[in-house]
Amino acid sequence: MVHALRRAGQRLRPGGILISIRPHRTWRPLVSIVTPSRRVSVARLINSAFDSRLSAAEAALARVVEDGQFTLAGIRNHRYRARLDNPSQVRTYLELINPPRPRFPAGRRAHLFELWGSRPRGSHIEIEESIVVTALRRP
Amino acid sequence: MPAALDISAYPPDGMEMRLIERFTTLKYKRVLEVGCGDGRLTFQYAPTAASVLAFDPDRASIEEALDEQAWLKIRNVDFRLGSIEHLPARGAPFDVVLFSWSL
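First to last, the protein sequences are chains A and B.
Quick note: the first sequence uses the working numbering, first residue 567, plus one each step.
Quick note: the second sequence uses the working numbering, first residue 1081, plus one each step.
Accuracy of the hints is not assured; some may be wrong.
[As the list claims (entries may be wrong)] One side of the interface only, derived from the structure: several residues of chain B facing chain A at Cβ under 8 Å:
id, residue
1, Ser1088
2, Gly1094
3, Glu1096
4, Leu1099
5, Ile1100
6, Thr1104
7, Tyr1108
8, Leu1112
9, Gly1162
10, Ile1164
11, Ala1169
12, Asp1175
13, Val1177
14, Leu1178
15, Trp1181
[To be verified] Among the chain B residues that face chain A by a calculated CB cut under 8 Å, a handful are:
id, residue
16, Ala1089
17, Pro1091
18, Pro1092
19, Met1095
20, Val1114
21, Leu1167
22, Phe1174
23, Val1176
If you are wondering where the hints come from, they were derived from the structure by calculation, not from laboratory data.
Ideal placement from N, C-alpha and C gives every residue a C-beta, glycine not left out.
So here's chain A without its partners, still in its complex pose (with noise of 0.2 Å):
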């Protein structure tokens, strides 16, 4: 990774932005169940494999800082959230995502199913998702 920086940096104008756009390494999905009164958690996805991806990009980001081929300009959290209607789709949710994708810690999945088995009329299924945007300013 620190590689693949350096190159984009060879190829960057004095002055240039680098921007790094990745999901937060300690802000994890949160799955939840929004009944018209209240929010109820039921897990934050697991996702080891990726995981240490997400921790390898933070230490190339700070290296080509270090190592003074950057400045940093910046770092903005962000969240969002997905509104999805049932199970199913959170099934379908999570398969979307590029492998290595994230899943449920043991037991929650059920935990899901029986929460939403007596859910009350009108609720939903919410994913909190969690970004970070880095960005590196070339000298």
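Put chain B on the given structure of chain A with help from the hints.
Chain B in isolation, oriented as in the chain A frame:
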């Protein structure tokens, strides 16, 4: 079931652009996008960029991007199959490099 077609784990259209624009505009800029996939983000900013060189190592995604590019009649994007390793070390400099979900 039309709702299923709207299911996506990616941010809603426009959200990433708003975050990018906190640091830089892409209007009239020469942009290198690494990991463009099927052009989901590319087509959001390409109409106002000066030019875009977009790479992705997945052949199917690049083919989808090319199909959509033809349909949208966007002519300032050069989609290429490959990774940043395929980027020549020399050439005209870019104003902005985007690693979109690829670093």
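Here is how each hint holds up against the structure:
{"no.": "1", "hint": "Ser1088", "in the structure": "holds (6 Å)"}
{"no.": "2", "hint": "Gly1094", "in the structure": "violated (11 Å)"}
{"no.": "3", "hint": "Glu1096", "in the structure": "holds (6 Å)"}
{"no.": "4", "hint": "Leu1099", "in the structure": "holds (5 Å)"}
{"no.": "5", "hint": "Ile1100", "in the structure": "holds (6 Å)"}
{"no.": "6", "hint": "Thr1104", "in the structure": "holds (4 Å)"}
{"no.": "7", "hint": "Tyr1108", "in the structure": "violated (14 Å)"}
{"no.": "8", "hint": "Leu1112", "in the structure": "holds (7 Å)"}
{"no.": "9", "hint": "Gly1162", "in the structure": "violated (12 Å)"}
{"no.": "10", "hint": "Ile1164", "in the structure": "holds (5 Å)"}
{"no.": "11", "hint": "Ala1169", "in the structure": "holds (6 Å)"}
{"no.": "12", "hint": "Asp1175", "in the structure": "holds (5 Å)"}
{"no.": "13", "hint": "Val1177", "in the structure": "holds (4 Å)"}
{"no.": "14", "hint": "Leu1178", "in the structure": "holds (5 Å)"}
{"no.": "15", "hint": "Trp1181", "in the structure": "holds (6 Å)"}
{"no.": "16", "hint": "Ala1089", "in the structure": "holds (5 Å)"}
{"no.": "17", "hint": "Pro1091", "in the structure": "holds (5 Å)"}
{"no.": "18", "hint": "Pro1092", "in the structure": "holds (6 Å)"}
{"no.": "19", "hint": "Met1095", "in the structure": "holds (6 Å)"}
{"no.": "20", "hint": "Val1114", "in the structure": "holds (7 Å)"}
{"no.": "21", "hint": "Leu1167", "in the structure": "holds (6 Å)"}
{"no.": "22", "hint": "Phe1174", "in the structure": "holds (6 Å)"}
{"no.": "23", "hint": "Val1176", "in the structure": "holds (5 Å)"}
Checked against the numbered hints given earlier, this structure breaks hints 2, 7 and 9; the rest are met.
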